[in-house]
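2 protein chains.
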Amino acid sequence: MSAADGDKPKRPPHVVIVGAGFGGLACAKALGGAPVFVTVIDRRNYHLFQPLLYQVATAALSPANIAVPIREVLRRHGNVRVVMGEVAGVDLERQEVSLANGRQIGFDRLVVATGSEYHHFGHDDWAAHAPGLKSLDEARAIRRRLLAAYEEAEAIRDPARQAALMTSVVVGGGPTGVEMAGAIAELVRWTLAGEFRHIDPKQSRIILAEAGPRILPGFPEPLGRFAERALADHGVTIMTDSPVEEVTAEGVRIAGEFIPAATIVWGAGVKASPAARWLGVETDRGGRIPVNPDLSVPGHANIFVIGDLALAIGDDGLPLPGLAQVAKQQGEHLGRALRRNLVRGAPMPPFRFRNRGNTAVIGRNAAVFDFGGRLFKGRLAWLLWALIHVYLLVGFGNRLLVSLQWVWRYFTHERSARLIS
Amino acid sequence: MSAADGDKPKRPPHVVIVGAGFGGLACAKALGGAPVFVTVIDRRNYHLFQPLLYQVATAALSPANIAVPIREVLRRHGNVRVVMGEVAGVDLERQEVSLANGRQIGFDRLVVATGSEYHHFGHDDWAAHAPGLKSLDEARAIRRRLLAAYEEAEAIRDPARQAALMTSVVVGGGPTGVEMAGAIAELVRWTLAGEFRHIDPKQSRIILAEAGPRILPGFPEPLGRFAERALADHGVTIMTDSPVEEVTAEGVRIAGEFIPAATIVWGAGVKASPAARWLGVETDRGGRIPVNPDLSVPGHANIFVIGDLALAIGDDGLPLPGLAQVAKQQGEHLGRALRRNLVRGAPMPPFRFRNRGNTAVIGRNAAVFDFGGRLFKGRLAWLLWALIHVYLLVGFGNRLLVSLQWVWRYFTHERSARLIS
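Protein chains in written order, with the working numbering: chain A, 41 to 461; chain B, 41 to 461.
Bound conformation, chain A alone (with noise of 0.2 Å):
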């Protein structure tokens, strides 16, 4: 890194990464320490850990639990900084990337990493009454809507009222929708269950609504079908074959039905963020961007799409789905292939997904587990789960405190974090 030996000190490239989830942290990671300046640029000033959002949802664990300040992740890497900012175009021609306050940032490479976000099949008035678990906000505002539903409940008198306030409809079969719904049957059959006077939680209703034939349709059918009972087990109805048709803040409509409910959790039909606008390329029906072998844009060398806002495609010829593990992998591809490129002049290597295993976990001692053939299901796939999650987790500190978080609730069905803020 010395100048000594008479070369005059060329200026580093800079690369520039949009978005501090999974796949853009891993990707600014793995450039740490490199000869080469990293500016990695979030509108937020921490990382989240998604996955675990809908336990924040559920008064299991704090905001601050799956949550880590990017600086602190970072901070060892002196060659990378963080902006904390929102992105409002770019300019390809410049090589620059413009945030909402003006100021100009230019790149050699750029990274873009904004993930997707829940999107209401076209109805956007239906987003103000059906939260998805996206965002810390999203996950504040249903813990605040299912834990204030209970105290209304529990001081009024009209029982079709208090039906309507103990009824919580998650919307979306897949994996958040199962693990959402399972959480608040866990959360008021257990936990809230005997702090009531006038009500009863354990009468609460948990639907779980899904428009295709079976919930769990990523996942081998033997799962899906383990899920269901393991749901039914916890008091969740599983409504299938059920598209919701209309929400308001009264309820929603499914097959002709209206239901009263007070709590709705939006948990189907993912979108990629708008960043395609920004680059000015053609997206999928979904909004992502298909990208080269080496994660590339086409026509854009220099321009590169990791994570759920990527349409990449796999070795069975199928898009890679949005899941975290596939952000993270090609974040770390990324970083290290840049890294070789940058220093060394290598080429970009194409990128391969390896499969760690896709689950979903239902509720205490319930959980699905495949690893591409092999299944797990039960007690030991949670235990798996909960293992994995504490791993996944960044920070040592959070670490423990949700391992301990964790075992506590195992034991004693308290909750830490039910506040109606």
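None of these hints come from the bench; they were simulated from the model. Even glycine gets a Cβ: it sits at the ideal position worked out from N, Cα and C. Careful, some of the hints might be misleading.
Said to hold, decoys possible - Far from chain B, by Cβ distances over 10 Å, these chain A residues were calculated:
#1 112
#2 124
#3 138
#4 143
#5 146
#6 148
#7 167
#8 214
#9 298
#10 341
#11 363
#12 364
#13 368
#14 390
#15 445
Unchecked claim - Some, not all, of what chain B presents toward chain A, calculated at C-beta under 8 Å:
#16 53
#17 376
#18 448
#19 457
The hints should help you fit chain B onto chain A, whose structure is shown.
Same frame as chain A, but now just chain B:
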């Protein structure tokens, strides 16, 4: 409790407690299991451990770490119910509390324990720029401002504006102000240092402004002097004889000088909550309601006031200070007294305060402790402070989590709750 011995079952007497702070909760617990019906009314669903709010404001703890659901604390007492609601008034004639939602709750005995809030010396417009430390919302607001200021300072290049963004002013040299100033110093000089590339958080300015001649006026002078030295060692500038003359969005004016500052915290001028208006009684200048030795309100033998709202006179003839330990002892005393009075007809005994020691923490290894004559300072006082505060936290789960986070922070300087939300 059986009605089998021929007596007609009587409706048990009804005690209504407004406010689930230290006083109200202690009173409810002392009445738990008695042949008395108890209703606890609070605006929030959680009891807040206010003495540690400054640790939430400085990102050391999560809101949920210092809050515990009121229902959880009281769940095992079947005779106690919890109502989440806002009290709108009290009908003394009909012995009814009316809630903002229109509901009426009758009582045989009423305990008012609604605490105090900060007041900005008659300048209500200052409150928006200088939040106090009374609620989780305020603590979150301070945390957000503090952390966002350093993000902004890193993003801009104007040195004067950077200096303002890296300046914090804490108003009030009592325990709250001292603890807040010390905690800000630790946050910026240890945790944030090394995470920025364009600013050096160690160059931050932290000012503790006190209107009187010295800080910690409620403590013996040697402890006040120790605190001044310890704060100076931590990088805090102490300004005594420095009443605040103006607070704006840009900073504060103290002794004619305007100090540009992004973060202003208010810790001076406590005022009792406006509950006196419900009872139509006279208060002192601080809004406190004078009480009889048995904590009842003169002229209203069935109404009691405890905690920060009560103006109770101690053995030394002086008003008891607004401390958690005073409220807690009053609540315990009143709960036990009401129990004996309502069940056995025993007279209401007078309350006597027993001083358990007065403490303030400055930072790492530095605290002061006054046990009414025996003074401790430095590392021993700091250890005592930590042990006692963990012990006093409600809920064993929270004790574990807080202890773990303190030990973690002591060794790593990492803070677990650095969210800009």
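Please flag the earlier hints that this structure goes against, numbers listed from lowest up.
Structure breaks hints 1, 2, 4, 15, 16, 17.
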